[in-house]
Amino acid sequence: MDYILSVLIFFPALAGLLGFLIDRKAVRSYVTTVATIEFILSLYLWIQFDNNQLGMQFMEQASLIPAFGIQYLLGVDGISLFIVVLSTFITLIGIISLPEDTKDLKEMLLTLLFLEMTMVGVFVTLDAILFYLFWELSLVPMLYIIGAWGGPKRVYASVKFFLYTFAGSLIMLVGMLVMAYLYFQATGVWSFSLLEWYRLQLPFDYQLWLFGAFFLGFAIKVPMFPFHTWLPYAHGQAPTVGSVILAAVLLKMGSYGFVRYSLPLYPDASVYFIVPIAILSIIMVIYTAMVAYAQKDIKQLVAYSSISHMGVVVLGTFALNPEGITGSIFLMISHGIVSGALFLLVGVIYDRRHTKMMDEFGGLASVMPRYALIFGIMMMASVGLPLTIGFVGEFLSLVGFYKVSHILTILAGTAVVVGAIYMLSAYKKAFFGTVTKDENKKLLDLNGREYATLVPLTLLVIFLGVYPKPVLEPVDNSVKAIVSLMHQKAITDEAKEVIPEINFNEEAR
Amino acid sequence: MLEAVNISFESLNMATLIPMLVAIAGGLVILVIDLLKSDLDKSLYVTLSILFLLMDLGATVGLDINQRGFFDVMFIDGIAILSQIVIIVASTLFIPLAFASQKFHEYKYPEFFALFLFMTAGFQFMVASDNLILIFVGLETASLSLYTLMVLHNKDKSFEAAIKYFTMGAMAAGFYAFSSMIFYGLTGSVELYKIFEVLQARDFEPMILILVATIFMLASFGFKLALVPFHTWGPDVYEGSSAALAGYISIVPKIAGFVVVMRIFEGLINSGVVWVEYILYAVVVLTMTMANIWALVQSDVKRMLAYSSISHAGFVMAAIMIGTTQANSGIFLYWILFAFTNLGAFAMLWVSHKRDATYHERFDHPFEKFAGMVKLMPIGAVMMGLFMITLAGVPPFSVFWGKLYLISSAVNADYLVLALIMAINSAISAYYYLKLVVFMFLKDPISNEDGSVYMANASLSLKVILGIAAFFTAISIFLVNPILDFTSYYVAMSGF
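Those protein sequences? They're chains A and B, same order as listed. For the record, in the first sequence the residue sitting at position 269 is 269 according to my numbering, with numbers rising by one throughout. For the record, in the second sequence the residue sitting at position 229 is 229 according to my numbering, with numbers rising by one throughout.
These aren't lab readings, by the way, just hints derived from the structure by calculation. Accuracy of the hints is not assured; some may be wrong.
As the list claims (entries may be wrong) - Subject to a maximum C-alpha distance of 30 Å in a straight line, what follows is the list of computed BS3-like cross-link-like pairs (lysine-lysine):
#1 B:Lys435 - B:Lys155
#2 A:Lys106 - B:Lys155
#3 B:Lys375 - A:Lys106
As the list claims (entries may be wrong) - To give an idea of the interface, some chain B residues facing chain A are shown, with a C-beta separation under 8 Å as derived from the structure:
#4 Ile389
#5 Val394
#6 Pro395
#7 Pro396
#8 Asn412
#9 Ala423
#10 Tyr431
#11 Val438
#12 Leu442
#13 Ile446
#14 Ile477
#15 Asp485
Owing to the predicted nature of the structure, the values given are computational and were not obtained by experimental measurement. A virtual CB, placed ideally from N, CA and C, is assigned to each residue, including glycine.
Throw the hints in and build the complete structure from the sequences for me.
Set out below in structure tokens:
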């Protein structure tokens, strides 16, 4: 299958278009089938993926707007491979998880298919304009999901989500155009191909500005402090499936952008900005962890803890060494699985009680033991307990950054402690003790649909926690390629000094 | 006794005039038919208009580039041909909007269609000349026809709109005449290329007079193109005209205006006199930003679209100010793509035309009217939603490519701040387009109607036009390259 990436992008969209013809009652089976096929295709991609080959695989190229150098250019490497698999997997889980009584179920299901197209598209395109295209297009289905199925303040939340990301990415678009112009000046050819941009060595002051433009786009999406204010609203108002996909995949677009664009394109600026970005990340980690502790709404708690972990992802990325970047990519995947699962779990209790306030619960462990067990495992994974999936990425990210700065890493490490505090105390409030409310006494434990979504996630959490190698190895190879590219491209003295120091100090000794 | 003027017919090069003559002949034929047999159905006149416009298009496409004709007042360069094509194609797409299912006062009169063709000819004259007098004649022919078309709608609002437009237009004409007078007084010519030759030779002295002439010219076209701060008539005129005509006003007169501005200001900007650029810069930034901010608070979709077209015009003015070949061909790319989407948006309003005060005592198309439209008429809502997010500049739909190209041309010409202002304005504009999307998709219907209001004025040909607009908007990613090749060729041929 030479065109597997195109198939992966457009299969859900075409299926979504055809889906309008299908009867309301049958559409659920249809969409589940489509999402399963898509997931199997992405697994096939993984199987066919050659771990030993550096660089992009499954490349596809066609000219789209030759007058302006815009191409249809696709490819995956170890970094994007797993995020693509994660996207298709989480979409499938999200589709299965939709309760039967969702209003306008057909529209929701078809919207999810369109969203899946844009998500896969973002991660496999290697042309900047195409990347921007899918990036922006992903806002529209999400706007609809939050706005049409969300809570009472859904319109405000969805518009805020749209405008924040839209504004940030337009600045990024200007950055892309400047980049293309610089490439044109250097080579005489228009191109938006990322692979060709990689070869361009830019003067330091250009790098600073361009890094800033891209940073704004990505940082709003991640979302980094102080651009994070849209996310709690979006999560608070979104329906369960919206939150799951938002946390598991859409936020990864930002952190993926850092790895794919910021680091290899602007190595010197990346080195220059290590400390400011690390400080922002650490503020983000600690501050949102504290905010999470203050939440009474369990979904907001999960939302803030999700932001907090994204801080570690950014920190790991800007360690600029294979350990840190590999760790941060692994953490993206584990964060996708864990926070997706946590939002699903919150959705489970919300469907039963129609409230998300923690003091409404208490003693749930005795009423819903299986639910409590899965919640417990996910919470441990979120805190980063060894032998769960959360530990591997967090540990590697922090180890990576430890080479850059000991003090900053220790500060970031405190967040793990704060994370444990708020998670455990929330768990204690909701699950232990005696059942205080009468409504909670008759709650049913998980049903078949919920098992179908949560058990695969739980198994993944434990399996990849014990044996992360199948994921780490391909990621690590691609990351090493990026780091060595940065090393070659570095022009400032600072970067030339810092990059080897944080990467190769074992050999130096 | 006057000496006999002795010129050969060949030297007149009448070929340059044929496109306009076809349109004018079309108008006259319609009038003659009306004389011979009255009370014919509008469908005859609509079809005749389309036929004549198509012939007009054929004559335009057949023109050779870079020739002069008719005592050298006609000047057919690349952008003259290109803009005539845009004008004719847009007119051809707008005139079938007359096939509405409801009865309208204006379409009872064959004169409406005759005037429409005269107006098209007027716009064609405007863009196909570099003679200040012929430009003025074209401008006035077109404008006077347009005022009449507007008033034929026969509502209080449309009288108000037409009078407002007429007064402002008269003032603009005055400014134009005054400015031409100064240019003529300074240089002894009304031919633009000669004017700039003479001004160049005398090193743009006396500065003060040139400044006055430039300001008058800018004000004149500021009124015509509704640039801030000369825009005040715009939204009222849109509100008072029928949606079909408002859509037309937002596209065709503006492209004609842009071409003239391009011709006049190209020379002034290249003169190296900095204040021309400063003034234009201020107008551009004000137009984009203020129109966007005013659009945020509108409660009527048509008024919102009026401000939105003002803001889009600001984008194009930015490109005129930049003045590189890339920017100038970007103008046509932008306007062609914008025309399809705006045609769709206004056609959608036109289709939902229904005169009652159910939703709002003043406005025909308040946002509330579209609340919950997706539940009542999903296909219409999806189309309108498509047009709105396209106007907001969401890729891969049409307007995005225009914006991309214009912002890129700003970057390439070292106008980085302007590029950022354009980007930020796109972000602001997203809000008011989204507002309609939010009403259509995320709110519940206000009245308990069955959605027939959204199709109250629909007919087959209106639906076809909507389909065409939506189709071209959706697949524009594949159109960009051919359009770009086409526009770049013509623009480069005329040396802009």
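Here is what the structure says about each hint:
no., hint, verdict
1, B:Lys435 - B:Lys155, "holds (29 Å)"
2, A:Lys106 - B:Lys155, "violated (44 Å)"
3, B:Lys375 - A:Lys106, "holds (13 Å)"
4, Ile389, "holds (6 Å)"
5, Val394, "holds (5 Å)"
6, Pro395, "holds (4 Å)"
7, Pro396, "holds (5 Å)"
8, Asn412, "holds (5 Å)"
9, Ala423, "holds (4 Å)"
10, Tyr431, "holds (6 Å)"
11, Val438, "holds (6 Å)"
12, Leu442, "holds (4 Å)"
13, Ile446, "violated (15 Å)"
14, Ile477, "holds (7 Å)"
15, Asp485, "holds (6 Å)"
Figure legend: structure checked against the earlier numbered hints; hints not met, in rising order: 2, 13.
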